[in-house]
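Read top to bottom, the protein sequences are chains G, S, P and X.
Count along the first sequence starting at 1, add 3, and that's the number in the numbering used here.
Count along the second sequence starting at 1, add 3, and that's the number in the numbering used here.
Count along the third sequence starting at 1, add 3, and that's the number in the numbering used here.
Count along the fourth sequence starting at 1, add 3, and that's the number in the numbering used here.
Source of the hints: derived by calculation from the structure; they are not laboratory data.
There is no bait here: all hints are sound.
Partial chain G-side listing against chain S, Cβ under 10 Å, derived:
id : residue
1  : S47
2  : G49
3  : P50
4  : E51
5  : L81
Calculated pairs, DSS-like style, for lysine-lysine (alpha carbon to alpha carbon, straight line, at most 25 Å):
id : chain 1 : residue 1 : chain 2 : residue 2
6  : S       : K77       : G       : K11
7  : S       : K151      : S       : K67
8  : S       : K77       : G       : K77
9  : S       : K9        : G       : K80
10 : G       : K77       : S       : K9
11 : S       : K75       : S       : K11
12 : G       : K80       : G       : K9
13 : S       : K80       : G       : K77
14 : S       : K67       : S       : K11
15 : S       : K80       : G       : K80
16 : G       : K163      : G       : K194
17 : S       : K80       : G       : K9
18 : G       : K151      : G       : K80
19 : S       : K80       : G       : K11
20 : G       : K11       : G       : K67
21 : S       : K77       : G       : K80
22 : S       : K9        : S       : K77
23 : S       : K11       : G       : K77
24 : S       : K11       : G       : K80
25 : S       : K208      : S       : K75
26 : S       : K9        : S       : K75
27 : G       : K9        : S       : K77
For each residue, glycine too, the CB sits at the ideal point set by N, CA and C.
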Amino acid sequence: MSLSLKAKVSSNEPVGPEIYLLSLEAPAIADAARPGQFVMLRVSPGPEPLLARPFSIHGADGGKLLILYQVKGKGTKLLTQACPGSELLTWGPLGRGFDLTAERPLLVAGGMGVAPIAFAIEYLCNKFDEVRLLCGVAGTVRHEALIKLFAGRLGSARVKIRYSSEDGSIGRKGLVTDLLKEHFSTSQPLKPDTVLACGPLPMLKAVALLCAEFEVACQTSLEAPMACGVGACLGCAIPAAGGGYLRACQEGPVMEASLVDWEKI
Amino acid sequence: MSLSLKAKVSSNEPVGPEIYLLSLEAPAIADAARPGQFVMLRVSPGPEPLLARPFSIHGADGGKLLILYQVKGKGTKLLTQACPGSELLTWGPLGRGFDLTAERPLLVAGGMGVAPIAFAIEYLCNKFDEVRLLCGVAGTVRHEALIKLFAGRLGSARVKIRYSSEDGSIGRKGLVTDLLKEHFSTSQPLKPDTVLACGPLPMLKAVALLCAEFEVACQTSLEAPMACGVGACLGCAIPAAGGGYLRACQEGPVMEASLVDWEKI
Amino acid sequence: MSPATDMAVTVGGVRLANPVLAASGTFGYGREYSPYLEPGAIGGLVTKGVSLQPRAGNPPPRIVETACGMLNAIGLANVGLDEFLAHKLPWLTEQPGAVVVNLYGESVGEFAELAQRLGAQPGVDALELNVSCPNVKEGGMAFGCHPGAVGEVTAAAVAGAQGKPVWVKLTPNVSDPAPMALAAAQAGAQAVSLINTLLAMAIDAGTRRPKLANVVGGLSGPAIKPVGLRMVWQVASALKAEHPTVDVVGLGGIMSGIDAAEYLIAGAKAVQVGTASFTDPAAAGRIAAELAAYCTEQGVSAAELSGSLRV
Amino acid sequence: MSPATDMAVTVGGVRLANPVLAASGTFGYGREYSPYLEPGAIGGLVTKGVSLQPRAGNPPPRIVETACGMLNAIGLANVGLDEFLAHKLPWLTEQPGAVVVNLYGESVGEFAELAQRLGAQPGVDALELNVSCPNVKEGGMAFGCHPGAVGEVTAAAVAGAQGKPVWVKLTPNVSDPAPMALAAAQAGAQAVSLINTLLAMAIDAGTRRPKLANVVGGLSGPAIKPVGLRMVWQVASALKAEHPTVDVVGLGGIMSGIDAAEYLIAGAKAVQVGTASFTDPAAAGRIAAELAAYCTEQGVSAAELSGSLRV
Ligand SMILES: Cc1cc2nc3c(=O)[nH]c(=O)nc-3n(C[C@H](O)[C@H](O)[C@H](O)COP(=O)(O)OP(=O)(O)OC[C@H]3O[C@@H](n4cnc5c(N)ncnc54)[C@H](O)[C@@H]3O)c2cc1C
Ligand SMILES: Cc1cc2nc3c(=O)[nH]c(=O)nc-3n(C[C@H](O)[C@H](O)[C@H](O)COP(=O)(O)OP(=O)(O)OC[C@H]3O[C@@H](n4cnc5c(N)ncnc54)[C@H](O)[C@@H]3O)c2cc1C
Ligand SMILES: Cc1cc2nc3c(=O)[nH]c(=O)nc-3n(C[C@H](O)[C@H](O)[C@H](O)COP(=O)(O)O)c2cc1C
Ligand SMILES: Cc1cc2nc3c(=O)[nH]c(=O)nc-3n(C[C@H](O)[C@H](O)[C@H](O)COP(=O)(O)O)c2cc1C
Ligand code: FES
Ligand code: FES
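Bound-form chain G, shown alone (with noise of 0.2 Å):
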């Protein structure tokens, strides 16, 4: 069940150049989020900028809802400024998270596509022995902080983090695509089941089309501008497969690949 609330910042501290980690008071929806799923924000009580903001659930302890987010454009960075105490209207948890009843899934993320795919780890790691992550990043430098959260608050002895890097600053230099194939290719006959994916947009694509070519099951965690957050708007449309559209704040945000017209998108 969704609600609406004023949230109160607990926290939200720059962890790297221009990335944020917020923290809300929200146990409501905090309680009921799982992983994939997404809140919506409003960054000014007034007019300007009218919009609430999407974000992924990056977490939620204790009551608290955790975000990390981007500064982007001017809503977030109008939220870099809410201090803790103040109040920032909040509604969620929306949309479809992740199904996590795979037998070996694959977590692949590329970039600011780790905030929601945290919290699946979070998950996975109470069911599993092992989670395989393969995470894709500019490099060291611009991805310093993503990389030292993985080896904070996931550097469980259960997650098993392969890094690819653009610069090759870090893991293999290339794209986190390259690291996908070749974990396929190795993996055998211990293949994954599924892959459940966040990134940039190419980057999806890419993930999408390489598990239609090895067979494997793939969702794939979509951002698209979006109004309401709660399926009324219609703004938010995903091409579909097979004609039409879907909503990534309500068939989404995470969608079956094979669900998605990627020629189109």
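Assemble the complex: chain G is given as a structure, and chains S, P and X with the ligands must be docked to it using the hints.
Then chains S, P and X with the ligands, alone, in the frame of chain G:
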């Protein structure tokens, strides 16, 4: 010469309920400022609220521009949140200030009208051994801050203040015009030759009428909604005695009472 | 809060517990917002525009934020009449509050057919004809800019609607909406609602492309409130003179109870809350409560407030 | 900053050092803003509307702030032609930058007379006919909503103007401004400028009175930018097809160099900065500099940017 600059906030402190004293680093504006002039101040860098707010210059001291303001609506509310170190787009000094060449000036302030009057008093204290002010307030509770301010910043031996209050809690019970009438009747032959007044419109109107009756010159500092502050938009129209309109920002804010059509205003 | 004043109104043939409705296209089919509003908090809702056939709508991007506003080019995506009747209307009928069905046809005949089939539904309280959508090629705004076309569409719908009140939703993309309102009234509409969105556009200077795939879209939100108020006042004044029984439903940029009050003062009998619901899913309910508080404070009923502008 | 790219444009028969002009009614007679702008910072200015006789304008309040916008009902207050020629134009003539005189008549004859007397002034680079003011009873918007009237006024002004370029300022209070633009072009205008303000209204719920003494006023500022962009694109597309030598001057809500770039991309050859000057007296100069920086970054000249929208 007026100019526009990003003025750094030196301090912005409440001095009473809903009344703040703002100090801005704006040497070029402060140096040029004369009593009765004003500045335009942008309270937000974004498009909302859109227009700058006009504020009288309350003082100009060592490169600092002082503004005494009351929280009225969203703009002044936002202004209370301007932290020291932040910058506010400011232009000025603007408009026609008080003509301070009179031999026996009498100052009359109602409520927040004290903001520009205080600057005029400082100026006149350099010229005269005694400066007389009639000051009308609602009462000691609502206007405690203003009264303290007088006792403090203007508490020079040269300033002779008489109060009136609507609730009788300080000075004479009644309106400041009662004091003024009394003063006119009893100060012969040293009746003031000019009244300099600032306050709410009904007060200014009553002061102007009284001055006309006692044949004393009267300068009133008027308010009008303003967009540009520089004489360009023609938004700040004040009905003129001879028909037509005067611009509060250009022919005012201080206007000879005889130039104003007090019936139409 | 139990308002000390009477908030009930009868508008366009429909009795409402309070004058606040949710606007078409911004409240889905009602259920989307049920987690966020107390049942009965608002007077009712206007559904997303229903067409005879399901419509997929325009390609994305469909929405973009602008200064104190937003553009949308949804393209009247909707589930279509059959699906609406089978799966959306039954739930709506069970809820307290009026159900106004917004409908959209590509021809006069389609409007008539929609009115006929929807008019036959006991759960439907009124029909709102969308002759003002800026985001579709056929029908929509093309109808809404000509009094003759508005009259024709309205007459056809009224004839089909079997006594169900017909409201006509007017476009702001005209010099003066009054002739359209008068044409609708003349043809039997019991209310006109305005404004729909202003035809507008946004450009990405980085890519030099339109920000909407549809190139143009409709502007809504606080930015347009002054235009909405002006048009409601124009139309209410015109109707008062010539068709005093025909009501005005006002909308455009309503974000607070005070905004709603302004529309009532300008001459609306009820209001609709649109984009505000996107900025706060509980907005419509909050606005109804704020309006009641305002009326109590002012000591007027909602009906008395309507048209009380002192010019 | 010395822009690495060519910012000069020729628009409506006038050569501008850069495509940013100050808009009529928002920049006085130029001198009011001289303390705040470097000489030559902008391409030029459009004066406050000049009429044959001085006009006192509407009673106050004349302005009110709205969400990301403002309403004005100045009522074309101005010093009148004689005073303008005697005391405003001489100073303007000495400044760098083009001088476009905005003029307003209550009849076709007045427009012709104004055009004749102003056209004879060497210091005047072009005339801009205001057929779109929402705040006056006679003329103004009444002319601007009918292609026939626009054509007639334009033809009369062109005949009087002794070869001085005539621009026509169009109203947004129409369904489609293109017919007005085509009529102006047909009648000899060398440019059309749009948009003027949107007819609008604000109400004080406390007093239940209009916030403007004139009841209605014109909406300007960032709130209207999406409407302005749409109309500029519509008009530029129409003129390109039928009168490719007639230019578009775009305005409405321009607050930054990027906003200005959007208007150029939509098809304007130059832009005007209006309400922004109220929010920052140096806005027009800043916007010209930001636009130059954008053009340099994108590696295009201002002329190349114009009409480069990829739809
Ligand atoms: C379901 C969902 C979950 C998300 N989760 C996260 C998250 O966990 N952390 C995070 O940092 N960001 C997340 N985002 C993206 C985030 O919503 C946008 O970065 C944010 O809305 C930008 O707001 P802004 O005002 O700063 O930028 P704006 O000024 O609005 O725009 C700046 C730039 O960002 C782009 N942008 C704006 N909105 C979106 C959007 N909804 N999706 C993608 N790009 C956009 C614009 O096109 C523009 O180029 C998520 C988006 C969605 C749809
Ligand atoms: C020349 C001049 C000098 C001024 N000096 C001072 C000063 O020294 N200290 C001070 O506290 N205030 C001063 N004011 C008034 C001040 O400008 C307004 O209080 C302020 O603009 C209100 O802004 P807001 O956003 O808080 O209110 P808004 O939300 O804009 O409005 C709140 C209320 O204030 C009224 N209001 C808005 N603007 C004005 C205005 N320009 N004049 C009068 N009422 C207005 C509105 O009608 C409304 O009722 C001065 C005004 C002028 C014209
Ligand atoms: C996303 C969206 C979808 C809309 N869909 C419809 C629709 O289907 N039918 C209709 O008559 N109006 C539709 N509208 C217009 C609104 O009902 C309303 O008239 C307009 O948004 C102005 O009100 P507002 O400023 O309160 O949003 C839509 C508006 C938005 C923002
Ligand atoms: C206070 C004010 C006065 C105006 N006076 C005139 C005028 O005299 N003649 C004219 O053609 N336009 C006039 N305008 C319209 C502007 O030139 C411009 O078209 C409009 O404000 C939209 O641009 P903006 O959003 O950048 O302000 C005026 C606008 C304002 C705000
Ligand atoms: S964001 Fe409104 S339907 Fe998805
Ligand atoms: S405020 Fe613009 S002319 Fe006075």
